[in-house]
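Chains as they are written, first to last, in our numbering: chain H, 528 to 924; chain P, 528 to 924.
Check before you lean on any hint, since a few could be wrong.
[Said to hold, decoys possible] Computed far set for chain P versus chain H, every beta-carbon distance over 12 angstroms:
| no. | residue |
| --- | --- |
| 1 | Ala699 |
| 2 | Tyr709 |
| 3 | Val841 |
| 4 | Lys890 |
| 5 | Asp892 |
| 6 | Pro921 |
[Unchecked claim] As a list, the in silico EDC-like pairs of lysine to aspartate or glutamate whose alpha-carbon atoms are at most 16 angstroms apart:
| no. | chain 1 | residue 1 | chain 2 | residue 2 |
| --- | --- | --- | --- | --- |
| 7 | P | Lys922 | P | Glu741 |
| 8 | H | Lys688 | H | Asp796 |
| 9 | P | Lys876 | P | Glu902 |
| 10 | P | Lys578 | H | Asp634 |
| 11 | P | Lys805 | P | Asp829 |
| 12 | H | Lys578 | P | Asp634 |
| 13 | H | Lys575 | H | Asp665 |
| 14 | H | Lys806 | H | Asp796 |
| 15 | P | Lys575 | H | Asp634 |
| 16 | H | Lys805 | H | Glu781 |
| 17 | P | Lys805 | P | Glu790 |
| 18 | H | Lys575 | P | Asp829 |
Derived from the structure by calculation, the hints contain no laboratory data. The C-beta atom is built at its ideal place from N, Cα and C for all residues, glycine as well.
Number of protein chains: 2
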Amino acid sequence: MTRLALFVAVLLSGTACFAQQALWGGAQIESPVINDNGTVTFRCVAPKAVKVQVTGDFLPTRKVQTEWGEFDAPGVGEFTEGKNGLWEYTTPEAVAPELYLYNLIIDGNQTLDFNNMWINRDVSTINNMFLVPGGRSDYYAVRNVPHGTVSKVWYPCTLTKNNRRMTVYTPAGYNPTGKTRYPVVYILHGAGGDEDAWVTEGRASQILDNMIAEGRCKPMIAVFTNGNISQEAAPLENSTGYVRPVFRQEKQMEGSFEETFPEIVKYIDSHYKTLANKKNRAICGLSMGGFHTMYISLNYPDLFNYSGMFSAAVGVSDPKISPLYQDVDAKLATYFSKKPALLWIGIGKTDFLYNQNEELRAKLDAAGYPYTYLETDGGHIWKNWRIYLTEFLPKLF
Amino acid sequence: MTRLALFVAVLLSGTACFAQQALWGGAQIESPVINDNGTVTFRCVAPKAVKVQVTGDFLPTRKVQTEWGEFDAPGVGEFTEGKNGLWEYTTPEAVAPELYLYNLIIDGNQTLDFNNMWINRDVSTINNMFLVPGGRSDYYAVRNVPHGTVSKVWYPCTLTKNNRRMTVYTPAGYNPTGKTRYPVVYILHGAGGDEDAWVTEGRASQILDNMIAEGRCKPMIAVFTNGNISQEAAPLENSTGYVRPVFRQEKQMEGSFEETFPEIVKYIDSHYKTLANKKNRAICGLSMGGFHTMYISLNYPDLFNYSGMFSAAVGVSDPKISPLYQDVDAKLATYFSKKPALLWIGIGKTDFLYNQNEELRAKLDAAGYPYTYLETDGGHIWKNWRIYLTEFLPKLF
Numbered sequence: 528m529t530r531l532a533l534f535v536a537v538l539l540s541g542t543a544c545f546a547q548q549a550l551w552g553g554a555q556i557e558s559p560v561i562n563d564n565g566t567v568t569f570r571c572v573a574p575k576a577v578k579v580q581v582t583g584d585f586l587p588t589r590k591v592q593t594e595w596g597e598f599d600a601p602g603v604g605e606f607t608e609g610k611n612g613l614w615e616y617t618t619p620e621a622v623a624p625e626l627y628l629y630n631l632i633i634d635g636n637q638t639l640d641f642n643n644m645w646i647n648r649d650v651s652t653i654n655n656m657f658l659v660p661g662g663r664s665d666y667y668a669v670r671n672v673p674h675g676t677v678s679k680v681w682y683p684c685t686l687t688k689n690n691r692r693m694t695v696y697t698p699a700g701y702n703p704t705g706k707t708r709y710p711v712v713y714i715l716h717g718a719g720g721d722e723d724a725w726v727t728e729g730r731a732s733q734i735l736d737n738m739i740a741e742g743r744c745k746p747m748i749a750v751f752t753n754g755n756i757s758q759e760a761a762p763l764e765n766s767t768g769y770v771r772p773v774f775r776q777e778k779q780m781e782g783s784f785e786e787t788f789p790e791i792v793k794y795i796d797s798h799y800k801t802l803a804n805k806k807n808r809a810i811c812g813l814s815m816g817g818f819h820t821m822y823i824s825l826n827y828p829d830l831f832n833y834s835g836m837f838s839a840a841v842g843v844s845d846p847k848i849s850p851l852y853q854d855v856d857a858k859l860a861t862y863f864s865k866k867p868a869l870l871w872i873g874i875g876k877t878d879f880l881y882n883q884n885e886e887l888r889a890k891l892d893a894a895g896y897p898y899t900y901l902e903t904d905g906g907h908i909w910k911n912w913r914i915y916l917t918e919f920l921p922k923l924f
Numbered sequence: 528m529t530r531l532a533l534f535v536a537v538l539l540s541g542t543a544c545f546a547q548q549a550l551w552g553g554a555q556i557e558s559p560v561i562n563d564n565g566t567v568t569f570r571c572v573a574p575k576a577v578k579v580q581v582t583g584d585f586l587p588t589r590k591v592q593t594e595w596g597e598f599d600a601p602g603v604g605e606f607t608e609g610k611n612g613l614w615e616y617t618t619p620e621a622v623a624p625e626l627y628l629y630n631l632i633i634d635g636n637q638t639l640d641f642n643n644m645w646i647n648r649d650v651s652t653i654n655n656m657f658l659v660p661g662g663r664s665d666y667y668a669v670r671n672v673p674h675g676t677v678s679k680v681w682y683p684c685t686l687t688k689n690n691r692r693m694t695v696y697t698p699a700g701y702n703p704t705g706k707t708r709y710p711v712v713y714i715l716h717g718a719g720g721d722e723d724a725w726v727t728e729g730r731a732s733q734i735l736d737n738m739i740a741e742g743r744c745k746p747m748i749a750v751f752t753n754g755n756i757s758q759e760a761a762p763l764e765n766s767t768g769y770v771r772p773v774f775r776q777e778k779q780m781e782g783s784f785e786e787t788f789p790e791i792v793k794y795i796d797s798h799y800k801t802l803a804n805k806k807n808r809a810i811c812g813l814s815m816g817g818f819h820t821m822y823i824s825l826n827y828p829d830l831f832n833y834s835g836m837f838s839a840a841v842g843v844s845d846p847k848i849s850p851l852y853q854d855v856d857a858k859l860a861t862y863f864s865k866k867p868a869l870l871w872i873g874i875g876k877t878d879f880l881y882n883q884n885e886e887l888r889a890k891l892d893a894a895g896y897p898y899t900y901l902e903t904d905g906g907h908i909w910k911n912w913r914i915y916l917t918e919f920l921p922k923l924f
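Isolated chain H, as found in the complex:
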C-alpha cells in the first residue's frame, strides 16, 4: 500500500470520528434521491429501529386543531425495512419542483437524515432540506452563473451602543473601488429569525444570482439586517453565548429596530458603492419583517421608493408601545402623497395573518391608495416568501 493510499484509507475508515477528525465516516448511502419519474427516495440505516418515518412539507398536509385555530401539519411517510437494517421510503407520486424541509422519526424520536448534509436551522428548529429542480425552484439552486459575494458585516449601532451583524450581498462584478454604483434592497426576516435566515432557507443570494444572470432583475446590493434589537447577531454569533434561541417578545416590534433603520441605510451608503437616493432603495420583509417594512416605510417616507410586505404581521402594532406606531392614517397619507413607486403585498390564502392583511387592504382601498397584491395558496411558509421575493425583485429600479 502506498503512503497516499494509506492516508486515504485512514481517512475513509473514519474509525474515531471525534478523535481523528475531518475524516470520512458512516455508510455511503445516498438520501434523498430524486428519481427519474419525479418520486423521491429516502434511505436510512437503523438496524435496531422498529419504525422509521419521514415528515416534511413535501407530503400532503393534514389539519390540526389548536386553541389558536386550525393549522396545516405535514404528513408522515412510513419506511420499509430491507436487508442489513437499511430502511427506505419512496413517495407514491412525483414531488413538484420546490425546496423542501424534512425530518426523520425513528421509533418516535425526531432525528435528521444523516446522509443528507443539507441541514438548516430555522430559529430553534433543525431540518434537512432538499431541492426538486424545475420551474421557479431553479432560482433557488446554485447554478453555473456569476455569483455575488455574501458577507457577514458588523456595524456600530448608536441606539444599542454595540456592534450588530448583518449580511450583505454584492452582485457579481461589484468593485469597491470602481465607478459603478448599485441600487439597494433591504430584506427583513420574521420573528425569531435573524440575519442568516434569508440567505439560508430564503435562498436570497441564489435568487439574486440567478435572476440577475437571466436579466430578470437589475444588479443590486442586498442587505439582510437582524430585526431583533436585543440581539447583536444570530444566536451562535452572539458574544452573550451559545444558548438555544429564545423568543423575546419584549424586544420585538416595540419600535427600536425601526428607529435604527436610517442609521443602517447611512452605514450602507457610506461603505458600499450605492446609488444613495430614495429612487434606488427598496425594502421588504416577511411576517415581523413585513411589519417592520410597513412602519419603516411610513415613518421614514423619504427613504424607500419600493416596499414589499410578505405575509406581514400588519395588524399587531400597539400605539402605546412606540410613537412609530401612532398616527398611522396620517402617516399613510404622507407616504402616498410622496408617490412611492411600489407598495407590494403578498399573502397565502391560509395564512393566519390573512384577515389582518385583508383589513389593511380594505383601508388602502377605501382611501384609494395604490398597491400591488398577490394572493397565493398555502400559509405562513418559506415557499411563499421565496415566491414573493422572486415576484418583487423584477419590479425594482
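With chain H's structure known, arrange chain P on it following the hints.
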C-alpha cells in the same frame, strides 16, 4: 388577548413546524448546560426511548484496533430517565476549557441534540458543538470585540475554467477605499474539508478577531481556499447539486491545486488592500492543507515568508503524479537559500502522520535547515489545529 399576544402565541405554539415556518417549536430544554462546578449536563426528551447515550471528544477516549492501526475513539456517557421522558446525563468531572463535538445515541441510532442549535458539518459527519470557556478556548468564542468581515467570494480559475469559492476575512476597520494595507495569511483545510471548515469548527475568524483585539497578532487579511480542485465550492454551494460529499482521491494531492495558487494570490492582491510582497504573506494548513502548504512553499519560494504545517500529510506525495512533487531536495535547498522568516511544524504525539513528520524533521535537521517545532498531546484533531493556529499567528509579520 391582544393581536400582538396572539401573534406571539401562534409563533410559540409551533403547531406545524413545516407548514407554518419560522416558528418556535419543541420543548424549551437547555442542553448542554455548563454547571458552576465545571461539569456539563445534557438533556433530551425521548419518552419512547429505552436507552439514551452521548458520545463526544469531551469524554475519556478508549482504544480501538483496526487494520490500519490503533486509534483513539471517544467514550460514551449513559443518560438516566426522569419524569415525562426527560433524560439527563451529567459528566462525572469538570470538563476542561475547549470546543467539543458530540452526538446523542438513542436506542443505538446516532442523532443530534435537538436542543442545541450549534451544529457543524465536518465533511460528511454532523455533530453538535459546545464550548467550555476559559484559557485558550476564549479565543474560539465570539467576544465583545471589534469583528472582522467574513465573505464568501467567487474567483475565476484559469486551470479549471470555472469560478471557485473561497472565504475571505478582512479585519475590523478594513476599508476597501482607504490607505491602510494589510499582510495576508492563506489558511488551508484538510482532505475532504472545504473553504468553510476553518471558519466553522476551525474558529479562525473568532481567533483572528480576539487575537487582533488583544494585540497578540497583527491585523491581517485571511484567505481560506478550497483545496479540492474538482470542487467549485463546498458541497452545498456547488452548481453540480446537493449530494452527500464523497471523498475523491483522484483529484486531491495531484498538483493542480498547488499550481493554481499563484493565481489566487494575484486575485487577492488585485481585489484587496494587501501588502503585496513575500514579506507580508504567510501560508498554513492542516493535514492535506499542510501537504499543500509544503509544496506551494517549495515550488513558489518567492511567494511566502511564513509557512505553517499543522499535522501535515507530508509523506504522501508521489513524484510520478506531478512535477511539483519532484526534486524535493533541490527545492528545499532553494527555499531555504531565500531565508524564509518561518517554517513552523506542529503535530500531535498520537497523530497517525507523526512518523512522516519525524522523517521530514530528520531530513531538515540533517541539512541544517531551520524550523520551529511544536509537539502536542492528542492526534489528528481540530483541537490541535486551533492550537497551532493560535501559536502560528502571533509569529507572523
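_Hints violated by the structure (listed by number, smallest first)_ = 1, 3, 8, 13, 16 and 18
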